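**Student:** Now for the letters of each chain:
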Amino acid sequence: MAFCSPQFLIFFILVCGLNFVLKNPVRKYLLLFASLVFIGWFNLYTLGAVVFFSGFTFIIAARVTGDKNAFIFYFGLLVNCLAIVLFNYLLASDGLVIFSLNAVDFSVNALLLLVGLSFYNLQHVAYLVDVRRKRIPPEKNFLDFLLISAYFPKFISGPLTLYQQLRPQINWPAPQQINLGQGFNRMVLGFFKKMVLADRLAPSVASVFDYNDELPGITVMSAAILFTIQLYFDFSGYSDIAIGASKMLGIDLPENFDFPLRARSVTEFWRKWHRSLIHFFTTYIFYPVSFRYRRYKKHAAAIAVILTFFVSALWHGIGFTFMMWALCHMVYLLFELYVGNTSGASPGRLKRLVSAALILILVSFSNIFFRSTSSAACMHLLSRLFNFDFFPENWAVEVLAPIAVGGHQADLFNLVATFFFLCLTVLFERKIFEYASTSRFRPVITFLFILLIFVFGVFGNSQRFIYMQF
Amino acid sequence: MNEETFKQVESVFRKVFKRPDLLIRPEDTAADIAGWDSLTHMTLINELEIFFKITFTFEEVTSFKNTGDLVKLVTQKIS
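Quick note, the sequences are listed as chains A and B, same order.
Mapping to this note's numbering: the first sequence position 90 is 90, numbers consecutive.
Mapping to this note's numbering: the second sequence position 31 is 31, numbers consecutive.
Since the hints were made in silico from the structure, they are not lab data.
These numbers come from a predicted model, not from an experiment.
Treat the hints with care, since some could be wrong.
Among the chain B residues that face chain A by a calculated CB cut under 8 Å, a handful are [stated by the list, open to error]: (1) 37; (2) 38; (3) 39; (4) 43; (5) 46; (6) 54; (7) 58; (8) 61; (9) 62; (10) 73.
Which bits of chain A does chain B cover? Going by a derived footprint, with three or more residues having C-beta under 8 Å, they are [unchecked claim]: (11) 270 to 283; (12) 289 to 296.
Yeah, the Cβ is synthetic: ideal placement off N, Cα and C, and Gly gets one too.
Using the sequences plus the hints, can you model the full thing?
**Tutor:** As structure tokens, this is what we get:
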């Protein structure tokens, strides 16, 4: 049951209505039941795995405190980490082609079999570490633990939520009417980002990444930048829907993005992009490693960066492309660590703009590895990028056609609508979305966004979010 | 809050962030001081440990919310 499916809308309206009128503790068991139905709708194997790993982690966590129980703690960690690696390996071995949203079929069954589990097990890793370090006591009620682990708005792709962030909230009273309004508005903005912005870009990106055409370098680089923008709107759209849905149920999830396309350094980019996952990696890998080796000063941070991105690459998927993606970011961050400017002087408008553009290009270059469907396809794109034919002879055929029109499917409407909304949103993103969320005309603006979704949205393609593969 | 300790902590900040004119306030967080991020945080901690001849625990260095909390922690350690 994907967020953009009609089944989800009916399911969510039912759950939301019941949740609004029920009181605790019945309310939280309704949310648990709804979460199990939501997961079971994808696949009963996934549901079985969720209950198994929750039971396993619940039992292990009750025994991990104390010096003599280190073995149990490491055993629990190992099982959850191996599960993540195994799920990623199964995805990779199935030959899954996830990014070809329009042009190439992809194995939905394999995806649905394992959906959400790498996010799920990561939460258990954090929970075991926090209990072991006595930051939190182990949960005593298994049903509460199962709800916190499997809570459906964040199950598929986060935001990655720590146990201590959800624990107090499941006992809160039913949501107020204002929660419903704010949450609904946030969901609509999320659907707009996904269906009008991200999905409209998908064919343009796919026409470069999914075919081995002999395109000039500038076309490849342009497609990589468009993919970065597509990925951002796809994933932040998903996050908005998840956060909004949860808000309507009376539970606040952590934010996932903070306008990362405006970042002026790669370090800043990683403070703004997929923040819940970065918070996890910073808390449980980066800080412990850099603290342990802090006497080596900057070199400690360098070791921690390398280890963190190595783990991040493994978490995203097994293979050459994700490792190369991680290597790019290691190089960027180490460069900033050793050569970075800490003068504190506020840069001028032009310098800020140039910095943001440069960071977008660097991140987009790394995303060529992230987006490529195979090592061979990736090498082909790189060979086109680092070629003497960077600029084409015929711009209309070799650049404009593949990028703007979608190459393999000429569609003038897509061209105009995509780039109109894209320019508007990328340039004024913060103002548009802040005004849409906080203005006293919010109901009218929400209605306008719904109209835009129905007029310009891409329907039939919206059940797949890019980050569902992780 | 001990004024002298605060000034000494400020001098360590100036050294780590290479800004001789840097002024810190108790309410400052990492977001308020250019260059103070996860990459430089442990360097700052290490320099404070060397300067004051103290040792922080991992829980301590990840728990304070602003420079005021940090100075309080340092004051507790050296007293």
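**Student:** Each hint needs a verdict: does it hold in this structure or not?
**Tutor:** Hints, verified against the model:
1. 37: Hint on residue 37(B): holds, closest Cβ of chain A at ~6 Å, below 8 Å.
2. 38: Cβ of residue 38(B) sits 5 Å from chain A, so the hint holds.
3. 39: 5 Å, holds
4. 43: Since the shortest Cβ distance to chain A is 5 Å, the answer is holds.
5. 46: 4 Å, holds
6. 54: 13 Å, violated
7. 58: 5 Å, holds
8. 61: 6 Å, holds
9. 62: Hint on residue 62(B): holds, closest Cβ of chain A at ~6 Å, below 8 Å.
10. 73: 15 Å, violated
11. 270 to 283: Our answer is that it holds, as 3 residues pass the Cβ test (under 8 Å) against chain B, meeting three.
12. 289 to 296: Three-residue rule met by the region 289 to 296 of chain A, so holds; n is 4.
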